[in-house]
Each structure stands twice: as C-alpha cells, then as structure tokens.
Amino acid sequence: MSYFDNLETRSADAREADQLAQLQAQVRRVETGEGSCFPDGDVMALSDLAQFPVLRKSALVEWQAAQPPFGGVRMGEYTHVFQSPGPIYEPGGVSHDWWRFGRFLHAAGIGSGDIVQNCFGYHLTPAGMMFENGARAVGARILPAGTGQTELQVRAAVDIGCTAYAGTPDYLKVILDKADEMGATLAFTKAAVSGGALFPSLREAYAARRISCLQCYGTADLGHIAYESPAMEGMILDEGVIVEIVIPGTGDPVADGEVGEIVVTSLNPDYPLIRFATGDMSAFMSGTSPCGRTGRRIKGWMGRADQTTKIKGMFVRPEQVAELVKRHDEISRVRVIASRDGDADQMTVRIEAPDGGEYADSVQSVLKLRGQIEVVAPGTLAADGVLIEDQRSYD
Numbered sequence: 001m002s003y004f005d006n007l008e009t010r011s012a013d014a015r016e017a018d019q020l021a022q023l024q025a026q027v028r029r030v031e032t033g034e035g036s037c038f039p040d041g042d043v044m045a046l047s048d049l050a051q052f053p054v055l056r057k058s059a060l061v062e063w064q065a066a067q068p069p070f071g072g073v074r075m076g077e078y079t080h081v082f083q084s085p086g087p088i089y090e091p092g093g094v095s096h097d098w099w100r101f102g103r104f105l106h107a108a109g110i111g112s113g114d115i116v117q118n119c120f121g122y123h124l125t126p127a128g129m130m131f132e133n134g135a136r137a138v139g140a141r142i143l144p145a146g147t148g149q150t151e152l153q154v155r156a157a158v159d160i161g162c163t164a165y166a167g168t169p170d171y172l173k174v175i176l177d178k179a180d181e182m183g184a185t186l187a188f189t190k191a192a193v194s195g196g197a198l199f200p201s202l203r204e205a206y207a208a209r210r211i212s213c214l215q216c217y218g219t220a221d222l223g224h225i226a227y228e229s230p231a232m233e234g235m236i237l238d239e240g241v242i243v244e245i246v247i248p249g250t251g252d253p254v255a256d257g258e259v260g261e262i263v264v265t266s267l268n269p270d271y272p273l274i275r276f277a278t279g280d281m282s283a284f285m286s287g288t289s290p291c292g293r294t295g296r297r298i299k300g301w302m303g304r305a306d307q308t309t310k311i312k313g314m315f316v317r318p319e320q321v322a323e324l325v326k327r328h329d330e331i332s333r334v335r336v337i338a339s340r341d342g343d344a345d346q347m348t349v350r351i352e353a354p355d356g357g358e359y360a361d362s363v364q365s366v367l368k369l370r371g372q373i374e375v376v377a378p379g380t381l382a383a384d385g386v387l388i389e390d391q392r393s394y395d
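So in my numbering, the last spot in the sequence shown is 395, and the numbers never skip.
The reader is advised that the hints may include incorrect statements.
Restraint ranges, calculated between C-beta atoms of paired labels, are given here [said to hold, decoys possible]: (1) G292 / M75: 25 to 31 Å; (2) P290 / R155: 26 to 32 Å; (3) S201 / D341: 37 to 43 Å; (4) R155 / L46: 55 to 61 Å; (5) A12 / A65: 51 to 57 Å; (6) R155 / K310: 48 to 54 Å; (7) P290 / S365: 48 to 54 Å; (8) G356 / P230: 51 to 57 Å.
EDC-like cross-link-like pairs, simulated, lysine to aspartate or glutamate; straight-line CA separation at most 20 Å [said to hold, decoys possible]: (9) K326 / D252; (10) K299 / E258; (11) K299 / D341.
Hints in this document: simulated from the structure, not taken from any laboratory.
Quick reminder that beta carbons are idealized off the backbone N, C-alpha and C, glycines included.
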C-alpha cells in the first residue's frame, strides 16, 4: 500500500498533538486579525474549540460585504480570488497542494503516469483549480476541460490519451455515452469525483467499464475535507482539517456515532477559518480504515443541516429546538414535526424526558407557537440529526 505521506499512518496521539499546535497558531492569527470577535482564553486541547462561535456562511457574506473582499481578515499568501454564490470570495494559492486534494488523488491511484481530464469549472469558482493543484501535487498532467462541448472533450481525451477523469459523478457518464456514440475508445481507468451524489449504480456502471471511481468531500471555502480510499468504508478526514460533528443550529458536539452538522477548522495558515459550518450532515465512524490510514472517518453526506421550516406562518429554526433542550435538564432530545390537518398546519413537539413534565409554556416561549406536545421515553427518538421534520405533502 502506497501513501501520500507519513501523516496518513501516524498514531492518534501524534496527530492530535500536531493539530493542536497548528490550531494554537491559527487562533493567534485570528485573534490578532482586524475585527476579531473570538473569546479570550488558551486552547489547551482540541476540545477547547467548543468555546469559539460557529462561523456560518451568512456571517461571512455580511463581513465581506462590509469590507470586501475578505471582510477585513488578514490573509496569507494567495494568487487567486474566486467568487461563490452569496457572493462569497475565497482566496486560492498555487503552492504545493494548497487545497490538499493531492492526498485524495493519490488514494484514487492517480500519479505521474496519468493525464487528468479535469472537468470541474474554472470560471469564478475554485473547483477546477483545486483539482488541478492536487493533480500537480501527485505529478500528473492536466487537460483543463471544464464542462460542455462534450464532442470536443471526447476528441481531446482520445488524442491526448487521458487516463483519469476529475469532475462531478454524472458528467463522466455523459462523456462516456458521447464516446460510444462517436465510436471512440477512451483510456480512462480512474475517476476522482465530487460535487454530487455518486449513486451505487453509477459506480457499478463505471466499474463495468474498468474505471475505478472514488469520491471526496470538500468546499470552496475549506478545500479538501474527507475522501474515500480503495477500501471504500466511509470517508477519511484530511490531515489539514479538524472536524467536529455538532447539533444543527448550535456548536455543541454530538455523541460519537450520532448524526449532526459538519463543522470544520482549516489549518491552512493562509486562510484562517475556525469552526466553519458547512451545512452538511454526517456522523463519525468507529475504528480506522482497512486501508491502513489511521485518521478518523465520517459516513459521508447525510443531508443538509438547515432544517428551518415555516409552520403556521412562523419560521421554526434548529437553534430554537436546541434552546428548548437546554431549558430543561431532564430533556435529552426534541423533534418538531410539521404536518397538515386538511388545509391547516399542525405542529407536534416530541420531547424525550423521563416523566410527563409540563412543557407547553417553554414551547410557546421558544418556538412562538402552540402545538401538540408528546413526551416520550429517553431513547425513543432517532439520533439522526433531524430536529425539524416536515411531513406535509403539497401534491
């Protein structure tokens, strides 16, 4: 088994000590930056991250709008500026593996003998440059293809001899189908995909063509976060990030194995993001990957954390549900269910508590709505990260 570097197989203690040292340096950068709003206090363990506020995209948009392009945050070395919907501006660099995608491409078997047809976009958003930077880190050559003009893509793949694909999971099928239509034979044997769902049927279809397809998880703001190895058991966390799984709408960590929102601290000194909320849901897996990499794993994408729902004309937000739990020590979990009775909205609040306490006033105070309250025994509600469940049908 070949690894990208020794970081992938180090002990948990060595990884934690190294990440803590990098985190402490990152916190010092942010605390001394312009407009810092972080609390004072030493970071003595990775768990101390919980004292810092969660940073959401909405706040990033507001900061950047007030002080473009980066909200007054002091940046390190960067060569590019990208724009994502919001708009949000992200810096980018060309130094070795700046976004850390080389680790994933190496795990996917891509290296110096490959020519990567990079079908991620290069216009304004950073995905194309992210994967190009990663391909350069593993010594591969790149065809900067982007999307569209599929017939020309097939022609280029044949003429250049591209051996690997990088792009969204479904666009590879578009290229392969066009090649079949043209009677062309492509040399793809590897695919590194992201930015969409890799359905099992699609992976199997690629395998039938002898194309090994692995996926990773990343964002424009944070770069690479987690990736599949050939073992294909969950997604291994990148060595350059600290990942927490928290209750949606809060910064409170969930118990291991429970579903929650992915919150990421990037250790990239050029772009300090601490406790950045991705809005995506996942859960930690136990143990380590059979491939020999020792980093923690997540189960992959398990839905979106923003469950804000309008009931009876009022928005109910995850942070309100979390506040309801905090108000009563005996409550372990709450789920708000939106349903319909004819044309009227109905709200049911299911509360896990050891007895039939009175919670109507708290529900009214926190949610600003009255509804049916059901007190259920602890352990009844699924630990799936769902705080607000919308069962209404609009058909």
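Each hint, compared with the structure:
no.	hint	verdict
1	G292 / M75: 25 to 31 Å	36 Å, violated
2	P290 / R155: 26 to 32 Å	40 Å, violated
3	S201 / D341: 37 to 43 Å	39 Å, holds
4	R155 / L46: 55 to 61 Å	50 Å, violated
5	A12 / A65: 51 to 57 Å	41 Å, violated
6	R155 / K310: 48 to 54 Å	50 Å, holds
7	P290 / S365: 48 to 54 Å	50 Å, holds
8	G356 / P230: 51 to 57 Å	52 Å, holds
9	K326 / D252	11 Å, holds
10	K299 / E258	11 Å, holds
11	K299 / D341	36 Å, violated
Violated hints for the displayed structure, listed by number in ascending order: 1, 2, 4, 5 and 11.
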